[in-house]
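Student: Sequence lines, in order, name chains A, B and C.
For the first sequence, the residue numbers in my numbering are 6 to 437.
For the second sequence, the residue numbers in my numbering are 6 to 437.
For the third sequence, the residue numbers in my numbering are 6 to 437.
Hints are computed from structural coordinates only; laboratory data are not their basis.
Everything numeric in this text was worked out from a predicted model, so none of it was measured.
Among these hints, one or two may not hold up.
No more than 20 angstroms apart at the CA atoms, straight line, and that leaves these computed lysine-lysine pairs for PhoX-like [said to hold, decoys possible]: (1) Lys-171(C) / Lys-353(C); (2) Lys-343(C) / Lys-360(C); (3) Lys-353(B) / Lys-124(A); (4) Lys-355(C) / Lys-410(C); (5) Lys-124(A) / Lys-124(B); (6) Lys-124(A) / Lys-353(A); (7) Lys-124(B) / Lys-171(C); (8) Lys-353(C) / Lys-124(B); (9) Lys-126(C) / Lys-171(A); (10) Lys-343(C) / Lys-171(C); (11) Lys-343(A) / Lys-360(A); (12) Lys-124(C) / Lys-171(A); (13) Lys-124(B) / Lys-360(C); (14) Lys-360(B) / Lys-124(A); (15) Lys-171(B) / Lys-139(B); (16) Lys-126(A) / Lys-171(B); (17) Lys-360(A) / Lys-360(C); (18) Lys-126(B) / Lys-355(C); (19) Lys-360(C) / Lys-353(A); (20) Lys-353(C) / Lys-343(C).
Some chain A residues near chain C, calculated using beta-carbon distances under 7 angstroms [stated by the list, open to error]: (21) Leu-44; (22) Gly-47; (23) Val-67; (24) Thr-69; (25) His-103; (26) Ala-111; (27) His-198; (28) Gly-307; (29) Phe-404.
Glycine included, C-beta positions come from ideal geometry on N, C-alpha and C.
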Amino acid sequence: MNRVMRHSISACALGVGLAMAVNAMAGPDTDKELLDVLLKKGTITRSEYDELLKTTEDEVGVSTHGGRLRFKSADAEFEVGGRLMVDTAIFDNNDDLHNGSEIRRARLFMSGEVYDNWKFKLQTDFAGNEVTLKDAYIRYTGLEYADITVGNFKEPWSLEELTSSKYITFMERALPVEAFAPSRRLGIGGHSHSDGGLNWTAGYGVFGDSVNADNNDGSNEGSGTAVRLTMAPIAEKGRVVHFGGYGEWRSPTDSEVRYRARPEAHIANERLVDTGTINNVDHTVKWGLEAAAVMGPFSLQGEYMRVDNDVNGGDDPTFSGWYAYGSWFLTGEPRAYKTSSGTFDRVKPKSIVGKGGIGAWELGTRFSSIDLNDAGITGGKEQDLTIGLNWYATPTIRFMANYIKVMDLTDPQNVTDDSEPNIFEMRAQIDF
Amino acid sequence: MNRVMRHSISACALGVGLAMAVNAMAGPDTDKELLDVLLKKGTITRSEYDELLKTTEDEVGVSTHGGRLRFKSADAEFEVGGRLMVDTAIFDNNDDLHNGSEIRRARLFMSGEVYDNWKFKLQTDFAGNEVTLKDAYIRYTGLEYADITVGNFKEPWSLEELTSSKYITFMERALPVEAFAPSRRLGIGGHSHSDGGLNWTAGYGVFGDSVNADNNDGSNEGSGTAVRLTMAPIAEKGRVVHFGGYGEWRSPTDSEVRYRARPEAHIANERLVDTGTINNVDHTVKWGLEAAAVMGPFSLQGEYMRVDNDVNGGDDPTFSGWYAYGSWFLTGEPRAYKTSSGTFDRVKPKSIVGKGGIGAWELGTRFSSIDLNDAGITGGKEQDLTIGLNWYATPTIRFMANYIKVMDLTDPQNVTDDSEPNIFEMRAQIDF
Amino acid sequence: MNRVMRHSISACALGVGLAMAVNAMAGPDTDKELLDVLLKKGTITRSEYDELLKTTEDEVGVSTHGGRLRFKSADAEFEVGGRLMVDTAIFDNNDDLHNGSEIRRARLFMSGEVYDNWKFKLQTDFAGNEVTLKDAYIRYTGLEYADITVGNFKEPWSLEELTSSKYITFMERALPVEAFAPSRRLGIGGHSHSDGGLNWTAGYGVFGDSVNADNNDGSNEGSGTAVRLTMAPIAEKGRVVHFGGYGEWRSPTDSEVRYRARPEAHIANERLVDTGTINNVDHTVKWGLEAAAVMGPFSLQGEYMRVDNDVNGGDDPTFSGWYAYGSWFLTGEPRAYKTSSGTFDRVKPKSIVGKGGIGAWELGTRFSSIDLNDAGITGGKEQDLTIGLNWYATPTIRFMANYIKVMDLTDPQNVTDDSEPNIFEMRAQIDF
């Protein structure tokens with residue numbers, strides 16, 4: 006390298022300062038700004054300006070800002086990355102629920118925007134040595150009032166579900182979210198939102214089944230329609246008030262449904278509440294309400310959700326659940342809210358571990374409740390109290406510890422001999 | 006960024022125009038051109054020229070041109086990308102063939118060329134939440150008359166099979182291609198082609214089994230030899246005449262073969278024609294003939310293919326099939342032909358959707374036929390008529406709609422109660 | 006491109022030499038060197054220097070040096086790559102062990118360092134159309150005396166096991182290494198090493214089970230503690246003396262263990278030695294000794310390893326094995342040793358195939374031995390003599406041929422009817 010440097014210097018030293026700066030450009034937008042300045046100063050002529058402007062279209066800026074690898078040119082943008090979460094869990098009734106460790110998520114993705122208005126993402130998870138397609142979609146952003154997405158992506162249903170696993174406050178989503186949320190399905194959907202004002206968002210779409218539902222087994226693929234509406238009349242940094250509601254009507258695959266949840270610990274080898282398969286279901290209606298608030302380092306979040314099952318020639322069981330939690334950043338950071346999607350976003354610690362800082366520290370406590378007993382179905386009841394401590398070493402690296410006390414458990418499967426487990430679990434997480 | 010810009014300007018504004026342009030270079034070849042010009046103009050001296058020339062070897066150009074991410078330096082080149090296809094299908098006899106949707110292909114790859122003459126590609130498919138290794142090879146391109154490839158790649162057999170799924174005219178390849186083409190196998194092969202003249206190509210190789218054929222199950226891995234010869238006496242843009250032939254001799258794994266095909270809809274949960282497993286097969290000979298022509302926006306393509314099975318101590322069944330199709334680009338684009346491989350290539354629409362254009366629109370119709378009845382084997386007969394409409398929104402994004410009428414079906418498995426299904430299917434596709 | 010070039014030239018030709026050179030920079034460290042020079046020469050002022058220094062933090066250098074794709078900025082570094090190995094094997098007793106070919110390894114990874122002191126790697130293998138998570142960890146390098154790693158990575162146990170499959174001398178690791186080495190597990194560990202002096206290294210950690218051990222099957226996940234200590238009193242290029250020892254104490258999952266090995270040919274569909282599952286194992290102690298030396302193009306390497314199994318209420322079987330080998334680079338290259346890890350590293354051929362060279366040629370011979378008979382367990386005995394020829398076409402591309410003579414076989418499973426197979430196997434390998 007040194008040799009390279011010296012040759013360059015002998016050739017013409019003058020341009021070098023700029024050359025380095027140019028490498029730092031995130032893309033052609035900044036180039037245009039620069040050309041504007043140069044034109045104004047008279048350094049370049051108008052015709053030179055015009056010609057140079059054209060050349061910026063082929064430039065590609067490379068960025069590692071924020072610990073992520075991105076490429077950007079005038080009409081294309083790419084990102085290559087992933088996430089890794091390593092978990093361990095201890096159960097006090099280790100005879101029923103076995104202590105252990107696992108890779109919770111191991112994902113790689115490539116995403117981008119090409120030809121100005123076409124976005125895509127292809128993301129796979131390799132946890133447990135199995136492949137699971139996650140986001141896998143094509144999106145058109147050229148319409149004025151809505152972005153259209155086709156492929157595999159999350160149905161617009163539940164604030165907690167739609168907030169990325171990279172950013173959720175506790176290690177696992179709350180009991181009713183795990184049991185009821187449709188999560189990703191193959192479908193086509195739209196997303197609209199206001200710029201400012203009430204900061205409303207609207208997500209809507211029609212969806213088939215999940216990717217791994219093998220159509221070749223002769224099953225009749227179900228389909229559903231979902232919609233979610235949110236608003237955030239206050240949405241400043243550190244000051245947010247958010248409300249929303251959502252619903253899904255679905256005709257299930259092979260007229261079968263099943264609702265179940267682990268005790269907010271993914272390593273648990275048993276679900277404590279589980280309806281088993283319910284047959285002859287004509288359709289289900291799943292709906293919920295959500296609210297959240299951020300006041301500086303404090304935040305609150307909660308949801309109520311309910312599932313009505315319409316059974317052909319039988320009783321119609323209804324299940325429901327809710328959760329509420331509070332979070333406090335001891336180091337003063339506010340939870341970040343994304344107005345365009347109506348979900349929570351990445352927290353950026355004020356100081357960074359490894360660069361002399363202590364990172365961000367967050368305390369949280371959650372109460373969650375689910376009732377899967379109704380109309381002859383005895384799926385059980387459960388309430389979990391969770392206390393969580395999160396340490397954000399950097400914006401992309403987080404360590405989590407959760408203590409969970411299972412309470413008021415009605416456990417029809419007798420998994421735990423009616424004892425209510427205490428759980429301690431920890432996670433190391435990075436996204437890139 | 007603005008701060009960065011201003012610092013740079015204060016340092017030395019002069020170099021900036023060039024610095025930006027240099028970022029746009031695709032690689033060191035263009036750098037050399039530039040140095041040539043500068044030397045000629047006297048901007049740099051001969052000794053500066055020589056020294057600078059050496060430095061270009063370490064330069065890496067980044068390109069997002071055409072919606073794909075590439076890296077290129079003097080002696081290495083890398084590409085990271087993939088493809089995503091999202092399908093949905095409707096069958097009029099939904100009791101037998103179930104409507105549904107799926108991710109048809111979800112692939113990521115990394116490929117490149119290192120140390121001048123060594124190429125590689127590693128490509129995986131994750132559709133259906135399963136891993137399938139696709140192209141996975143090392144290639145040496147340093148010989149004068151042939152490129153040598155070792156690894157997992159397509160046997161040289163059939164124009165339709167060898168044309169990438171990104172570029173085929175209909176959503177699925179024709180009935181006999183699905184039933185007979187060996188596709189990718191582990192092997193070693195050569196590829197030669199003329200530069201101009203008759204534009205001939207020759208592909209040849211010896212191949213073992215497919216990647217997922219687990220040798221550990223105690224099976225005797227089969228092996229085969231394949232060759233394909235093509236020529237294109239006319240091969241200009243919008244004016245192509247192509248002929249070819251191909252053959253494969255194979256000793257099958259465990260002396261077993263099976264030929265079957267879905268009704269040109271991959272979501273179909275049943276194959277309508279299927280020989281079942283044929284045992285005691287000493288060897289098979291598969292061969293075919295191919296022809297194609299492009300006349301401006303019109304093109305024709307067809308193949309005839311046949312399989313002779315040599316059964317030890319039994320009758321030798323022979324199966325065959327053919328297809329022919331025509332395509333017309335309403336927007337005037339010609340189908341693109343690649344002389345080095347004798348296959349069809351990416352169509353570039355004249356205008357791009359999202360940038361004010363309407364993309365390219367293509368109408369096609371195909372007739373395909375297969376006969377799997379012979380010498381006591383009753384695999385069935387089928388003829389499919391397909392009408393297709395393709396919309397190329399950008400060079401890398403395509404939407405397809407196919408209507409398929411199954412005809413003259415002899416369906417020994419009675420999958421469809423002898424009814425002949427009508428199928429409507431659609432695809433959204435991107436490659437990057 | 007030509008148009009771009011010309012525009013640039015007309016704008017200002019002077020900066021171009023430098024601009025190209027800057028592209029070649031590997032990162033901001035070299036930029037700082039350059040600014041130092043420019044400041045000294047008076048080309049830039051001190052205040053310009055200070056301001057420009059700040060801008061270098063956002064620069065990203067792209068490198069394809071050595072056939073690998075890397076990105077580097079002031080506080081982040083990324084690498085995207087993989088490896089591909091294509092094997093074929095012939096057995097002289099083809100009735101028992103079936104000839105065949107396979108993709109031995111097909112890996113992609115993304116790794117990096119973010120926020121100065123945080124490293125990560127996420128690597129997956131797709132060989133055999135199955136997913137296997139390999140390195141998947143987060144590492145903190147900000148401590149003075151140790152790097153801390155959490156996730157899935159190799160336990161510090163055995164020189165041969167810890168040397169990458171890209172760099173091992175023979176196609177497969179020796180019999181006892183395959184049978185006994187714990188390889189990758191979920192865990193947390195530290196690694197320390199001296200800078201110079203005795204070149205000692207210390208690896209240590211506590212580990213759970215492997216990634217694919219599904220905790221949900223109700224098994225009790227085992228755990229272990231491992232440590233490895235090495236030193237290299239001589240460690241110059243072409244002159245190395247290395248010693249080490251290692252041990253692991255483990256309480257196995259479900260109190261079950263099994264030791265077995267293929268005959269140093271992965272395509273072999275049977276393991277010739279195999280203890281079968283041993284139950285009621287309270288704990289195991291696995292330990293070994295290692296030594297290696299490099300004398301110019303010659304090198305020696307060997308290990309002795311032993312496993313003590315503590316069975317509850319039964320005899321305690323002890324198994325052991327060893328191997329020793331010599332390697333000679335006909336073309337004079339020395340084996341490369343990495344002092345920071347106490348393992349062997351990439352060999353760089355003196356000349357490169359495809360650029361007029363012949364690459365590096367290496368001859369090796371290995372003797373390996375394993376004894377799985379003890380205390381009523383009859384897992385068998387085996388000794389293998391291997392002769393290997395390696396051709397390093399480039400630093401990242403290697404072709405290997407191994408002849409293996411199985412000897413002194415006691416084969417309790419009667420896989421081969423007590424005959425001792427001769428094996429010939431070959432590999433084509435690239436990493437990127």
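Student: All hints, please: hold or fail.
Tutor: Now for the hints, and whether the structure bears them out:
For a cut-off of 20 angstroms, the pair hint linking Lys-171(C) to Lys-353(C) stands: about 12 angstroms separates their Cα positions. Between Lys-343(C) and Lys-360(C) the CA atoms are separated by roughly 28 angstroms; this puts the pair beyond 20 angstroms, and the hint is violated. Under the criterion of a C-alpha separation no larger than 20 angstroms, the hint pairing Lys-353(B) with Lys-124(A) is consistent with the structure, at around 19 angstroms. A C-alpha spacing of about 32 angstroms is found between Lys-355(C) and Lys-410(C), which places the hinted pair above 20 angstroms, so the restraint is violated.
For the suggested pair Lys-124(A) and Lys-124(B), the alpha carbons sit about 29 angstroms apart, so the restraint of at most 20 angstroms is broken. For a cut-off of 20 angstroms, the pair hint linking Lys-124(A) to Lys-353(A) is broken: about 26 angstroms separates their Cα positions. Note on Lys-124(B) and Lys-171(C): the hinted pairing holds, with a Cα-Cα distance of about 18 angstroms set against a maximum of 20 angstroms. Distance restraint check for Lys-353(C) and Lys-124(B): the Cα-Cα separation of roughly 19 angstroms lies within the 20 angstroms cut-off, and the hinted pair is therefore satisfied.
For the hint pairing Lys-126(C) with Lys-171(A), the CA-to-CA distance comes to about 17 angstroms; that is within 20 angstroms, so the pair holds. At most 20 angstroms may separate the alpha-carbon atoms for a hinted pair to count; Lys-343(C) and Lys-171(C) meet this at roughly 14 angstroms. Distance restraint check for Lys-343(A) and Lys-360(A): the Cα-Cα separation of roughly 28 angstroms exceeds the 20 angstroms cut-off, and the hinted pair is therefore not satisfied. The hinted pair formed by Lys-124(C) and Lys-171(A) meets the criterion: a straight-line CA distance of about 18 angstroms does not exceed 20 angstroms.
For the proposed pair Lys-124(B) and Lys-360(C), the alpha carbon gap of about 14 angstroms is at most 20 angstroms, so the pair holds. In summary, the hint linking Lys-360(B) to Lys-124(A) is supported, as the alpha carbons are separated by about 14 angstroms, within the 20 angstroms threshold. Distance hint between Lys-171(B) and Lys-139(B) is fulfilled; the C-alpha atoms sit about 14 angstroms from each other, no more than 20 angstroms. About 17 angstroms separates the Cα atoms of Lys-126(A) and Lys-171(B), which keeps this hinted pair within 20 angstroms; it holds.
Distance check on the hinted pair: Lys-360(A) and Lys-360(C) sit about 45 angstroms apart at the alpha-carbon level, beyond 20 angstroms; violated. Our distance criterion of 20 angstroms between C-alpha atoms is broken by Lys-126(B) and Lys-355(C), whose separation comes to about 26 angstroms. Proximity of Lys-360(C) to Lys-353(A) is assessed by CA-CA distance (about 49 angstroms); at most 20 angstroms being required, the pair is judged violated. Under the criterion of a C-alpha separation no larger than 20 angstroms, the hint pairing Lys-353(C) with Lys-343(C) is consistent with the structure, at around 14 angstroms.
Residue-level restraint check for Leu-44(A) is violated (minimum Cβ-Cβ distance to chain C is 11 angstroms; threshold 7 angstroms). Nearest Cβ of chain C to the Cβ of Gly-47(A): about 13 angstroms, over the 7 angstroms cut. The hint is violated. The beta carbon of Val-67(A) comes within 4 angstroms of a beta carbon in chain C, closer than 7 angstroms, and the hint placing it at the interface holds. Taken as an interface hint, Thr-69(A) checks out: its beta carbon lies about 4 angstroms from the nearest beta carbon of chain C, inside 7 angstroms.
A cut of 7 angstroms between beta carbons decides the hint on His-103(A): the least distance to chain C is about 5 angstroms, and the hint holds. At a threshold of 7 angstroms, the smallest CB-CB gap from Ala-111(A) to chain C is about 5 angstroms, leaving the interface hint in force. The interface hint given for His-198(A) is violated, since its Cβ lies 30 angstroms from the closest Cβ of chain C, which is over the 7 angstroms cut-off. Checking Gly-307(A) against chain C: minimum C-beta separation of about 30 angstroms lies over 7 angstroms; hint violated.
At its closest, the beta carbon of Phe-404(A) sits 9 angstroms from a beta carbon of chain C; the interface hint therefore is violated under the 7 angstroms criterion.
Of the numbered hints given earlier, the model fails hints 2, 4, 5, 6, 11, 17, 18, 19, 21, 22, 27, 28 and 29; all others are met.
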